[in-house]
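Going line by line, the protein sequences match chains G and B. Just so you know, we're using the working numbering here: the first sequence kicks off at 1 and counts up by one. Just so you know, we're using the working numbering here: the second sequence kicks off at 1 and counts up by one.
Derived from the structure by calculation, the hints contain no laboratory data. For glycine and all other residues, C-beta sits at the position ideal for the given N, C-alpha and C. Misleading hints may appear alongside valid ones.
Mimicking SDA-like on lysine to any residue, the simulated pairs with C-alpha atoms at most 20 angstroms apart in a straight line are [claimed, not checked]:
{"#": "1", "chain 1": "B", "residue 1": "K249", "chain 2": "B", "residue 2": "L203"}
{"#": "2", "chain 1": "B", "residue 1": "K28", "chain 2": "G", "residue 2": "G124"}
{"#": "3", "chain 1": "B", "residue 1": "K127", "chain 2": "G", "residue 2": "D199"}
{"#": "4", "chain 1": "B", "residue 1": "K183", "chain 2": "G", "residue 2": "K67"}
{"#": "5", "chain 1": "G", "residue 1": "K205", "chain 2": "B", "residue 2": "T41"}
{"#": "6", "chain 1": "B", "residue 1": "K28", "chain 2": "G", "residue 2": "I129"}
{"#": "7", "chain 1": "B", "residue 1": "K127", "chain 2": "G", "residue 2": "V265"}
{"#": "8", "chain 1": "B", "residue 1": "K93", "chain 2": "G", "residue 2": "S198"}
{"#": "9", "chain 1": "B", "residue 1": "K127", "chain 2": "G", "residue 2": "S200"}
{"#": "10", "chain 1": "B", "residue 1": "K183", "chain 2": "B", "residue 2": "N204"}
{"#": "11", "chain 1": "B", "residue 1": "K88", "chain 2": "G", "residue 2": "E201"}
{"#": "12", "chain 1": "G", "residue 1": "K205", "chain 2": "B", "residue 2": "H162"}
{"#": "13", "chain 1": "G", "residue 1": "K67", "chain 2": "G", "residue 2": "W263"}
{"#": "14", "chain 1": "B", "residue 1": "K93", "chain 2": "G", "residue 2": "L202"}
{"#": "15", "chain 1": "B", "residue 1": "K12", "chain 2": "B", "residue 2": "E75"}
{"#": "16", "chain 1": "G", "residue 1": "K205", "chain 2": "B", "residue 2": "L123"}
{"#": "17", "chain 1": "G", "residue 1": "K205", "chain 2": "B", "residue 2": "L203"}
{"#": "18", "chain 1": "B", "residue 1": "K253", "chain 2": "B", "residue 2": "I281"}
{"#": "19", "chain 1": "B", "residue 1": "K93", "chain 2": "G", "residue 2": "T190"}
{"#": "20", "chain 1": "B", "residue 1": "K12", "chain 2": "B", "residue 2": "K127"}
{"#": "21", "chain 1": "B", "residue 1": "K88", "chain 2": "G", "residue 2": "T190"}
{"#": "22", "chain 1": "B", "residue 1": "K85", "chain 2": "G", "residue 2": "R193"}
{"#": "23", "chain 1": "B", "residue 1": "K88", "chain 2": "G", "residue 2": "S198"}
{"#": "24", "chain 1": "B", "residue 1": "K6", "chain 2": "B", "residue 2": "K28"}
{"#": "25", "chain 1": "B", "residue 1": "K93", "chain 2": "G", "residue 2": "G124"}
{"#": "26", "chain 1": "B", "residue 1": "K28", "chain 2": "G", "residue 2": "R193"}
{"#": "27", "chain 1": "B", "residue 1": "K93", "chain 2": "G", "residue 2": "W263"}
{"#": "28", "chain 1": "G", "residue 1": "K67", "chain 2": "G", "residue 2": "V265"}
{"#": "29", "chain 1": "B", "residue 1": "K127", "chain 2": "G", "residue 2": "L202"}
Derived contacts from chain G toward chain B, CB cut-off under 7 angstroms, selection only [to be verified]:
{"#": "30", "residue": "D187"}
{"#": "31", "residue": "A191"}
{"#": "32", "residue": "S194"}
{"#": "33", "residue": "A197"}
{"#": "34", "residue": "S200"}
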Amino acid sequence: MSTEIKENIIEISSEKNSLFREALFQLKGNKSAIIGFIIIVGFILMAFLAPWLTPFEPNAQDISIRKTAPFVSSHILGTDDLGRDLLTRIIYGSRISLIIGTISVGISLTFGILIGLISGYYGGWVDRIVMRFIDIMLAIPYVLLTIVIVALLGPSLINAMIAIGVSQIPQYARVVRASVLAEKENDYITAERSLGASDSELMFKSILPNCIAPIFVQATLGIGDAILSSAALSFLGLGAQPPTSEWGLMIASSREFVTSAWWIVTFPGVAVLLTVLGFNLLADGLRDVLDPRMKD
Amino acid sequence: MSDKNKLLEVKKLKMHFPITSGGILKRKVGLIRAVDGIDFTIEEGETLGLVGESGCGKSTTARCVAQLHRPTSGEVILRGNDITKTGKTELLKARMDMQMIFQDPYASLNPRMTAGSIIAEPLQIYKSRGMLEITKAEIIEKIETLMEKVGLSHHFRNRYPHEFSGGQRQRIGVARALALNPKLILADEPVSALDVSIQSQILNLLTDLREELNLSYLFIAHDLAVIQHISDRVAVMYLGKIMEVSRSKELYKNPLHPYTVALLSAVPIPDPRIERERQRIILTGDVPSPDKERHNCYFYDRCPKSFGRCKEAVPALVDVGSGQHVACFLHHDKEADNS
Chain G
1 MSTEIKENII
11 EISSEKNSLF
21 REALFQLKGN
31 KSAIIGFIII
41 VGFILMAFLA
51 PWLTPFEPNA
61 QDISIRKTAP
71 FVSSHILGTD
81 DLGRDLLTRI
91 IYGSRISLII
101 GTISVGISLT
111 FGILIGLISG
121 YYGGWVDRIV
131 MRFIDIMLAI
141 PYVLLTIVIV
151 ALLGPSLINA
161 MIAIGVSQIP
171 QYARVVRASV
181 LAEKENDYIT
191 AERSLGASDS
201 ELMFKSILPN
211 CIAPIFVQAT
221 LGIGDAILSS
231 AALSFLGLGA
241 QPPTSEWGLM
251 IASSREFVTS
261 AWWIVTFPGV
271 AVLLTVLGFN
281 LLADGLRDVL
291 DPRMKD
Chain B
1 MSDKNKLLEV
11 KKLKMHFPIT
21 SGGILKRKVG
31 LIRAVDGIDF
41 TIEEGETLGL
51 VGESGCGKST
61 TARCVAQLHR
71 PTSGEVILRG
81 NDITKTGKTE
91 LLKARMDMQM
101 IFQDPYASLN
111 PRMTAGSIIA
121 EPLQIYKSRG
131 MLEITKAEII
141 EKIETLMEKV
151 GLSHHFRNRY
161 PHEFSGGQRQ
171 RIGVARALAL
181 NPKLILADEP
191 VSALDVSIQS
201 QILNLLTDLR
211 EELNLSYLFI
221 AHDLAVIQHI
231 SDRVAVMYLG
241 KIMEVSRSKE
251 LYKNPLHPYT
261 VALLSAVPIP
271 DPRIERERQR
281 IILTGDVPSP
291 DKERHNCYFY
301 DRCPKSFGRC
311 KEAVPALVDV
321 GSGQHVACFL
331 HHDKEADNS
């Protein structure tokens with residue numbers, strides 16, 4: 001009986017302590033973050049449930065009904081120049097955007113964290129060399145950098161993801177390095193070092209978990225950015241190739257109809273806008289909640 | 001002095017930090033002589049207080065002893081081994097005997113770890129390196145006994161540091177330092193960041209633990225009352241040098257070095273009548289920058305009693321009887337200096 005009570009005490013006290021649980025609780029009071037969160041959840045549901053949300057195939061063409069206006073037939077958002085259902089293509093497009101967002105952010109996170117940790121932790125000449133290299137990468141316009149990478153690897157969706165991921169590494173490396181610099185001066189790091197903890201233990205087990213908040217904000221912001229960049233790359237013909245239902249590609253292939261059939265260009269654009277907006281709103285809210293400097 | 005065993009012996013310890021300038025290719029433009037040749041010993045079960053004003057090298061001394069900074073020169077002999085020159089594994093072994101307690105209880109505990117895992121961390125580190133045989137159940141048992149020992153309920157094992165008060169956090173820091181059953185605790189201003197009422201609790205805890213576990217402390221503080229309370233012997237530091245080492249009682253009753261005298265005269269007395277009549281020795285000037293090599297007494301620039309010899313040589317720390325060692329020509333007879 002008494003042990004049972006003891007276990008309960010321990011569970012209660014440990015339960016309320018997760019940082020993200022606390023953050024989520026505080027996010028409830030932040031209206032724009034909630035809007036962002038709802039948009040993102042809708043977007044993710046859309047991606048997962050795509051085949052059940054629409055009766056049409058994304059690539060099924062029907063020339064007889066090409067450029068059907070929105071809101072007049074069973075094709076709610078109308079059809080494009082090849083008679084494909086626009087809503088279906090947008091829904092399927094969310095899958096690709098979600099994949100692009102997560103994979104490219106995954107790439108930049110992995111390398112950004114590694115570079116930032118090593119550079120910030122060791123300091124000295126390692127830091128100086130790495131950071132100058134990062135500065136050079138930042139000095140090259142980011143679209144130009146992605147174009148160069150795609151040009152080297154060849155245009156395809158996978159290469160676009162790699163390009164976007166690589167071109168974003170500097171941002172993450174800087175964010176991670178900055179928080180590592182602040183965190184490694186703390187006495188608990190000295191304490192753990194005096195206990196004999198190794199460099200890798202200190203970096204990955206002690207410093208990194210304490211730097212996670214700004215990284216998390218940056219990553220949320222980064223997914224929105226990556227989606228926008230992939231749309232831009234596809235628009236330029238360097239990302240997804242036809243007939244993939246990718247939002248940027250949809251805008252690019254129908255831009256000549258912008259005066260005659262506005263909906264073909266507009267709706268994919270609205271989809272990009274909403275998704276990116278959702279991620280930015282959530283990231284802003286998370287920054288308010290997770291960054292202690294924003295707290296009173 | 002030494003019927004007992006010497007636990008720690010520090011010889012001619014120097015820690016010089018380079019001052020650099022320039023961007024990618026840094027140049028060394030000078031040296032900060034944070035610790036500039038100090039000697040002291042700590043016997044088993046003894047507490048040595050280290051006192052001095054800010055920036056005199058107290059903390060650097062502790063960090064050099066703990067090998068957090070590799071000293072520029074000198075020896076740190078812990079139980080007969082000079083640990084300044086040993087390899088990683090041997091150093092790790094030596095560290096089992098020597099643990100640190102830090103000043104700021106808010107910064108010295110990892111905010112992402114529970115109290116239990118903070119206390120268990122030294123055990124985990126030594127277990128993962130195969131230097132300690134201990135099972136999971138034993139670790140939990142050890143955490144709970146340690147927590148009770150430092151006056152915390154073991155129910156708090158899964159709480160995070162931010163749920164504790166400053167004093168409780170410092171107790172967690174003490175428990176962590178005790179986890180490996182060390183012989184020597186390096187306490188770097190362990191009570192300076194705490195409220196006065198909490199300070200005495202932690203001091204009493206440290207005193208009790210010393211009796212119970214036969215610990216030795218290197219106890220750093222800038223508060224003279226705290227030092228007097230806990231120390232057997234006190235070393236007074238100034239500008240990276242030890243000015244005077246004496247038994248705690250002697251030092252407060254009969255300070256010899258002019259710096260010690262000035263330091264003690266700054267302690268306020270909690271009686272307004274005596275306080276009003278108290279003679280204070282106000283030192284003129286500031287602490288000189290420690291970036292120059294000195295060939296005269298380190299206290300020469302500010303000493304109210306300096307005379308000719310003080311400008312010519314650095315006084316050595318000399319035994320002047322009754323357990324007092326002082327680095328001042330006023331108290332040196334000629335023989336002592338020649339030897």
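Which numbered hints are broken by the structure, listed smallest first?
-> 4, 5, 7, 17, 20, 24, 25, 26, 27, 34
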